[in-house]
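Protein chains: 2
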Amino acid sequence: MFAVTILGNNSAVPAFDRHPTSQVITLDGNNYLVDCGEGTQIQLINYKIRRSKISHIFISHLHGDHYFGLIGLINSLSLLSHQQVLHVYGPAPLREIIELQLKVADTQICYPLHIHHISEAKTLIDTDKLTVKCFRTNHRIECYGFSFEQKKQPRSLLPEKAKEYEIPAVFYDRLTKGDDYTKKDGSVVKNEWVTEPAEPGKKYAFCADTKYDEALITHIEGFDMIYHEATYLDNLRERAELRFHSTTKQAAMIAKKAGVKKLLIGHFSSKYDTLEEFEAEAKEVFPETELALEGVAYTI
Amino acid sequence: MFAVTILGNNSAVPAFDRHPTSQVITLDGNNYLVDCGEGTQIQLINYKIRRSKISHIFISHLHGDHYFGLIGLINSLSLLSHQQVLHVYGPAPLREIIELQLKVADTQICYPLHIHHISEAKTLIDTDKLTVKCFRTNHRIECYGFSFEQKKQPRSLLPEKAKEYEIPAVFYDRLTKGDDYTKKDGSVVKNEWVTEPAEPGKKYAFCADTKYDEALITHIEGFDMIYHEATYLDNLRERAELRFHSTTKQAAMIAKKAGVKKLLIGHFSSKYDTLEEFEAEAKEVFPETELALEGVAYTI
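Protein sequences, first through last, are from chains A and B.
123 is the number that this note's numbering gives to position 123 of the first sequence; each next residue is one higher, with no gaps.
In short: position in the second sequence from 1, add 1000, done, that's this note's numbering.
These are computed hints drawn from the structure, not numbers from a lab.
The structure displayed is predicted, hence computed values, not measured ones.
Where a beta carbon is used, it is the ideal one built from N, C-alpha and C, also for glycine.
Incorrect hints may have been included.
Once the Cα atoms are required to be at most 27 Å apart in a straight line, the calculated DSSO-like pairs of lysine-lysine come out as [as the list claims (entries may be wrong)]:
{"no.": "1", "chain 1": "B", "residue 1": "Lys1152", "chain 2": "B", "residue 2": "Lys1202"}
{"no.": "2", "chain 1": "B", "residue 1": "Lys1262", "chain 2": "A", "residue 2": "Lys48"}
{"no.": "3", "chain 1": "A", "residue 1": "Lys271", "chain 2": "A", "residue 2": "Lys152"}
{"no.": "4", "chain 1": "B", "residue 1": "Lys1256", "chain 2": "B", "residue 2": "Lys1283"}
{"no.": "5", "chain 1": "A", "residue 1": "Lys152", "chain 2": "A", "residue 2": "Lys184"}
{"no.": "6", "chain 1": "B", "residue 1": "Lys1048", "chain 2": "A", "residue 2": "Lys271"}
{"no.": "7", "chain 1": "B", "residue 1": "Lys1183", "chain 2": "B", "residue 2": "Lys1161"}
{"no.": "8", "chain 1": "A", "residue 1": "Lys271", "chain 2": "B", "residue 2": "Lys1053"}
{"no.": "9", "chain 1": "A", "residue 1": "Lys177", "chain 2": "A", "residue 2": "Lys190"}
{"no.": "10", "chain 1": "B", "residue 1": "Lys1261", "chain 2": "B", "residue 2": "Lys1211"}
{"no.": "11", "chain 1": "A", "residue 1": "Lys211", "chain 2": "B", "residue 2": "Lys1177"}
{"no.": "12", "chain 1": "B", "residue 1": "Lys1190", "chain 2": "B", "residue 2": "Lys1211"}
{"no.": "13", "chain 1": "A", "residue 1": "Lys122", "chain 2": "B", "residue 2": "Lys1048"}
{"no.": "14", "chain 1": "A", "residue 1": "Lys183", "chain 2": "A", "residue 2": "Lys151"}
{"no.": "15", "chain 1": "B", "residue 1": "Lys1161", "chain 2": "B", "residue 2": "Lys1211"}
{"no.": "16", "chain 1": "B", "residue 1": "Lys1103", "chain 2": "A", "residue 2": "Lys103"}
{"no.": "17", "chain 1": "A", "residue 1": "Lys271", "chain 2": "A", "residue 2": "Lys283"}
{"no.": "18", "chain 1": "A", "residue 1": "Lys122", "chain 2": "A", "residue 2": "Lys271"}
{"no.": "19", "chain 1": "A", "residue 1": "Lys122", "chain 2": "A", "residue 2": "Lys261"}
{"no.": "20", "chain 1": "A", "residue 1": "Lys53", "chain 2": "A", "residue 2": "Lys211"}
{"no.": "21", "chain 1": "A", "residue 1": "Lys103", "chain 2": "B", "residue 2": "Lys1211"}
{"no.": "22", "chain 1": "B", "residue 1": "Lys1103", "chain 2": "A", "residue 2": "Lys271"}
{"no.": "23", "chain 1": "A", "residue 1": "Lys256", "chain 2": "A", "residue 2": "Lys122"}
{"no.": "24", "chain 1": "B", "residue 1": "Lys1256", "chain 2": "A", "residue 2": "Lys103"}
{"no.": "25", "chain 1": "B", "residue 1": "Lys1122", "chain 2": "B", "residue 2": "Lys1271"}
{"no.": "26", "chain 1": "B", "residue 1": "Lys1271", "chain 2": "A", "residue 2": "Lys53"}
{"no.": "27", "chain 1": "A", "residue 1": "Lys103", "chain 2": "B", "residue 2": "Lys1122"}
{"no.": "28", "chain 1": "A", "residue 1": "Lys151", "chain 2": "A", "residue 2": "Lys262"}
Short derived list, chain A residues pointing at chain B, Cβ under 8 Å [said to hold, decoys possible]:
{"no.": "29", "residue": "Ala12"}
{"no.": "30", "residue": "Glu38"}
{"no.": "31", "residue": "Gln41"}
{"no.": "32", "residue": "Ile45"}
{"no.": "33", "residue": "Leu62"}
{"no.": "34", "residue": "Asn75"}
{"no.": "35", "residue": "Leu79"}
{"no.": "36", "residue": "Pro93"}
{"no.": "37", "residue": "Glu96"}
{"no.": "38", "residue": "Asp106"}
{"no.": "39", "residue": "Ile109"}
{"no.": "40", "residue": "Ala162"}
Chain A with its partners taken away, still in its complex shape (with noise of 0.2 Å):
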């Protein structure tokens, strides 16, 4: 299961019951939580996500509709007694801002967390599972999106044919691998006949804040999905570009010019009641897109 669940979609302040950004990233039982708005530690408890399951933060900027709930929630998690280490990855200033407060509240966390400062394009996990990597975009201070790109898994064994074939058990493992099997008489059974390929691993990207900018399509190539921020609809591309945003048509045209196959768009501006015509402008440009939605988990 790889996945992605919006907890926020709004941008700036909270309105029409909307929140600020958050979104968590499920891979096989971990969650990896990107942007961590006010509120987050309260749509994580609504919507029936563990906090003690989250291992990685990964905060893109330091406006506050991105990052004020993250001090909340790493308090929350020490009161909870929470045993496990806390990576948070962010822009420098971060590591300072939470020092401060939990230094005034005179609290020591109770966990290991450990806060990383990112400042350019690079790769901060690399496991047997996933690759996540950071890349900046445009905006009006330091930000950056975060992709999650799944490895590519093991071959699958098609059991009935193997013991077809009288491979042994313990050779299963190298056969999900994709290493032939050789016969005591010399014979080789060819892996392609006792396995099928895995699916090959899928791609998300969180693109962040940022205005139209194609320099981003180099890192969202092909990818499965991508959520692109959507902050006006096409007839304010002035203001966007204004304030480093981008609008519903120009999203789509980074997904559609990326070669994606589908797209989520948020970071709705609070002047907008009603998202339908966020929608309707998108899919103008780029068909398979969708309003990211507050409660609604989408598989990647």
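For chain A, the structure is supplied; the task is to place chain B on it using the hints.
Leaving out everything else, chain B in the frame of chain A:
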């Protein structure tokens, strides 16, 4: 109208749909916010309390559940083009925390924001309507309660009576201030014949986080209503003592010894799913106790 509306009645971490501490004191159309836990701005929206009408915010202490929502509210007011002066009172490091977060976001607040640090018991506001004072409470870190004392109001004119005595309307203002009226023939119309006394000014105090401490009493004696924390049921007195908090019966004993008219209890531990026992226990000691429930406005 002098009332307090509860926005959050939980301690430490949000739970069971209860939010961290915040309450609004409303007097003659002005809103005074006391504490501002995470999500306070969303609670203000939920309960249709206009953020723009908040002129003063008082922060009792720098544990996160009492102020993590402050920076978000300050920021949102600016994004919403707030114009009026906003005064914030709190322990000294509050200014550094707010200024740091505004700096890293490259944000200029668009309205006059005055952050006042409090470091001892004193009068913070003194107008013709209201006196607000702060006083120390006995908590793990520096912590303040706040008292709100409505000024004695002018006497109420009895218009029919004033006409009967042929007092000219230009003198009515002086009647409400208590002056007698002398007619041209030298006869005196006694003030009490044509006015009636106003209600005496009401008094409310927010006693913040505190262990049981009778030193509080001097600041709240005879008040119409106080809010006193009751983090735990009374069987957890030792834990309360250890953590500088109070139990139901301790809160009720303070109310009783201070001779107040009504007690609100809140700051309930996230251990407790339901609150009935809090009310029952406190009432054993002080019958005029009510639970501080979110969204409810209690008239003082």
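These are the hints, each one checked on the structure:
Restraint check for lysine 1152 (chain B) and lysine 1202 (chain B): the C-alpha separation of about 8 Å stays at or below 27 Å, so the hint holds. Distance check on the hinted pair: lysine 1262 (chain B) and lysine 48 (chain A) sit about 38 Å apart at the alpha-carbon level, beyond 27 Å; violated. Distance hint between lysine 271 (chain A) and lysine 152 (chain A) is unfulfilled; the C-alpha atoms sit about 42 Å from each other, more than 27 Å. Between the alpha carbons of lysine 1256 (chain B) and lysine 1283 (chain B) the distance comes to roughly 11 Å, so the proposed pair stays at or under 27 Å and holds.
Restraint check: the Cα-Cα separation between lysine 152 (chain A) and lysine 184 (chain A) comes to about 32 Å, which exceeds 27 Å; the hinted pair is violated. In summary, the hint linking lysine 1048 (chain B) to lysine 271 (chain A) is supported, as the alpha carbons are separated by about 18 Å, within the 27 Å threshold. With a CA separation close to 15 Å, the supplied pair lysine 1183 (chain B) and lysine 1161 (chain B) stays within the 27 Å bound. Between lysine 271 (chain A) and lysine 1053 (chain B) the alpha-carbon distance is near 21 Å, which keeps this suggested pair within the 27 Å criterion.
Taking the CA atoms of lysine 177 (chain A) and lysine 190 (chain A), the gap is about 13 Å. The hint holds against a cut of 27 Å. Between lysine 1261 (chain B) and lysine 1211 (chain B), the direct Cα distance comes to roughly 21 Å. Compliance with the 27 Å bound is thereby established for this hinted pair. Only pairs whose Cα atoms come within 27 Å are accepted, and lysine 211 (chain A) paired with lysine 1177 (chain B) is rejected, the gap being roughly 62 Å. Under the criterion of a C-alpha separation no larger than 27 Å, the hint pairing lysine 1190 (chain B) with lysine 1211 (chain B) is inconsistent with the structure, at around 51 Å.
Distance hint between lysine 122 (chain A) and lysine 1048 (chain B) is unfulfilled; the C-alpha atoms sit about 45 Å from each other, more than 27 Å. About 31 Å separates the Cα atoms of lysine 183 (chain A) and lysine 151 (chain A), which puts this hinted pair outside 27 Å; it is violated. With a CA separation close to 53 Å, the supplied pair lysine 1161 (chain B) and lysine 1211 (chain B) exceeds the 27 Å bound. A threshold of 27 Å between alpha carbons decides the hint, and for lysine 1103 (chain B) with lysine 103 (chain A) the separation of about 19 Å falls inside it, so the pair holds.
Pair hint lysine 271 (chain A) plus lysine 283 (chain A) holds up; C-alpha atoms about 21 Å apart against a cutoff of 27 Å. The straight-line distance between the Cα atoms of lysine 122 (chain A) and lysine 271 (chain A) is roughly 35 Å, outside the 27 Å bound, and the hint therefore fails. A threshold of 27 Å between alpha carbons decides the hint, and for lysine 122 (chain A) with lysine 261 (chain A) the separation of about 24 Å falls inside it, so the pair holds. Distance check on the hinted pair: lysine 53 (chain A) and lysine 211 (chain A) sit about 33 Å apart at the alpha-carbon level, beyond 27 Å; violated.
For the suggested pair lysine 103 (chain A) and lysine 1211 (chain B), the alpha carbons sit about 22 Å apart, so the restraint of at most 27 Å is met. Restraint check for lysine 1103 (chain B) and lysine 271 (chain A): satisfied, since their Cα atoms lie roughly 26 Å apart, inside the 27 Å limit. Of the pairs offered as hints, the one joining lysine 256 (chain A) and lysine 122 (chain A) holds, with about 25 Å between alpha carbons and a cut-off of 27 Å not exceeded. Simply put, lysine 1256 (chain B) and lysine 103 (chain A) have alpha-carbon atoms about 37 Å apart, too far for the 27 Å limit, and the pair is violated.
A threshold of 27 Å between alpha carbons decides the hint, and for lysine 1122 (chain B) with lysine 1271 (chain B) the separation of about 35 Å lies outside it, so the pair is violated. Taken as a hint, the lysine 1271 (chain B) and lysine 53 (chain A) pair is honoured in the structure, with Cα atoms around 21 Å apart against an allowance of 27 Å. Straight-line distance between C-alpha atoms of lysine 103 (chain A) and lysine 1122 (chain B) comes to about 26 Å, which keeps the hinted pair within the 27 Å bound. As the CA atoms of lysine 151 (chain A) and lysine 262 (chain A) are separated by approximately 19 Å, the hinted pair is consistent with the 27 Å bound.
Look at alanine 12 (chain A): its Cβ gets to within about 5 Å of chain B, closer than 8 Å, so that hint holds up. Checking glutamate 38 (chain A) against chain B by beta carbon gives a least distance of about 4 Å; that is within 8 Å, so the hint holds. For glutamine 41 (chain A), the interface hint holds, the least distance from its beta-carbon to any beta-carbon of chain B being 6 Å, beneath 8 Å. With 8 Å as the threshold, the beta carbon of isoleucine 45 (chain A) comes within range of chain B, its nearest partner Cβ sitting at about 7 Å, so the hint holds.
A distance limit of 8 Å between C-beta atoms decides the matter here; for leucine 62 (chain A) the minimum to chain B is near 5 Å, and the interface restraint holds. Because the beta carbon of asparagine 75 (chain A) sits about 5 Å from the nearest beta carbon in chain B, less than 8 Å, this interface hint is met. Given hint, leucine 79 (chain A) at the interface with chain B, holds; its Cβ is 5 Å from that chain's nearest Cβ, closer than 8 Å. Because the beta carbon of proline 93 (chain A) sits about 4 Å from the nearest beta carbon in chain B, less than 8 Å, this interface hint is met.
Hint status for glutamate 96 (chain A): holds, given a least beta-carbon distance of 7 Å to chain B, under 8 Å. The interface hint given for aspartate 106 (chain A) is met, as the beta carbon of that residue sits about 5 Å from the closest beta carbon of chain B, less than 8 Å. Interface restraint check: isoleucine 109 (chain A) against chain B, minimum CB-CB distance 12 Å, threshold 8 Å, status violated. Against a cut-off of 8 Å between C-beta atoms, the interface hint on alanine 162 (chain A) is violated, since the closest Cβ of chain B lies about 51 Å away.
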